[in-house]
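Start from the sequences and build out the full structure, keeping to the hints where you can.
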Amino acid sequence: QTLRYELVEVSPEAWEVRASMRKYLFQQFVAVEEVGLDEPGKVQVIECSMDSQIFRSCALRFELHRQPLDSSGRRSDLGEPLSVDVQSLVDRVELLDVSGRPVRLADDSRGSTTEGTAWKDVLSRRI
Numbered sequence: 002q003t004l005r006y007e008l009v010e011v012s013p014e015a016w017e018v019r020a021s022m023r024k025y026l027f028q029q030f031v032a033v034e035e036v037g038l039d040e041p042g043k044v045q046v047i048e049c050s051m052d053s054q055i056f057r058s059c060a061l062r063f064e065l066h067r068q069p070l071d072s073s074g075r076r077s078d079l080g081e082p083l084s085v086d087v088q089s090l091v092d093r094v095e096l097l098d099v100s101g102r103p104v105r106l107a108d109d110s111r112g113s114t115t116e117g118t119a120w121k122d123v124l125s126r127r128i
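Going by my numbering, the residue at position 31 of the sequence shown is 32; the numbering climbs one at a time, nothing skipped.
Quick caveat, the hints were computed from the structure, so don't treat them as lab data.
There may be inaccurate statements among the hints.
As a list, the in silico SDA-like pairs of lysine to any residue whose alpha-carbon atoms are at most 20 Å apart [said to hold, decoys possible]:
hint : residue 1 : residue 2
1    : K24       : Q2
2    : K43       : A32
3    : K24       : V46
4    : K24       : I47
Derived DEER-like restraints, expressed as beta-carbon distance ranges [claimed, not checked]:
hint : residue 1 : residue 2 : range
5    : V99       : F56       : 16 to 24 Å
6    : R93       : Q68       : 38 to 46 Å
7    : D52       : W16       : 33 to 41 Å
8    : L8        : S72       : 34 to 42 Å
Even for Gly, the Cβ is constructed at its ideal location relative to N, Cα and C.
This is the structure in structure tokens:
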């Protein structure tokens, strides 16, 4: 498994936080059915090829928007507004059975490889 975190200055007022996780060289995958917050889901252990892998990453940009000076030369009392935007989001699961064929999970209507996540599921919010 590899984990990577980066903090990158994009400009004097903007920073990106980048995180990634990759799991590989595993022979079993534990799938838990999502039922509800307070209900345990069905657990299934799947035998898989060591060529299987899971990769997830995201990049968030934090940007400070300085308030303009008023006529007296002071900044507004509102503070320094901050915006946070999602720059990228990846959720890729590649499960292969012991013969090397793709494994389809019971609740995965898209198949064994999932690229990205619907943008409607990602929040961009101004603080």
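Here is how each hint holds up against the structure:
1. Taken as a hint, the K24 and Q2 pair is honoured in the structure, with Cα atoms around 4 Å apart against an allowance of 20 Å.
2. The suggested pairing of K43 with A32 holds, with an alpha-carbon distance near 8 Å, which does not exceed 20 Å.
3. At most 20 Å may separate the alpha-carbon atoms for a hinted pair to count; K24 and V46 meet this at roughly 16 Å.
4. Using a Cα cut-off of 20 Å, the hinted pair K24 and I47 holds, with the two alpha carbons roughly 15 Å apart.
5. Hint check: V99 to F56, Cβ distance near 21 Å, so the stated range 16 to 24 Å holds.
6. Range check, R93 to Q68: about 41 Å between beta-carbon atoms, so the 38 to 46 Å window is met.
7. In this structure, D52 and W16 meet the distance hint of 33 to 41 Å, their C-beta atoms being roughly 36 Å apart.
8. Separated by about 37 Å at the C-beta atoms, L8 and S72 satisfy the suggested range of 34 to 42 Å.
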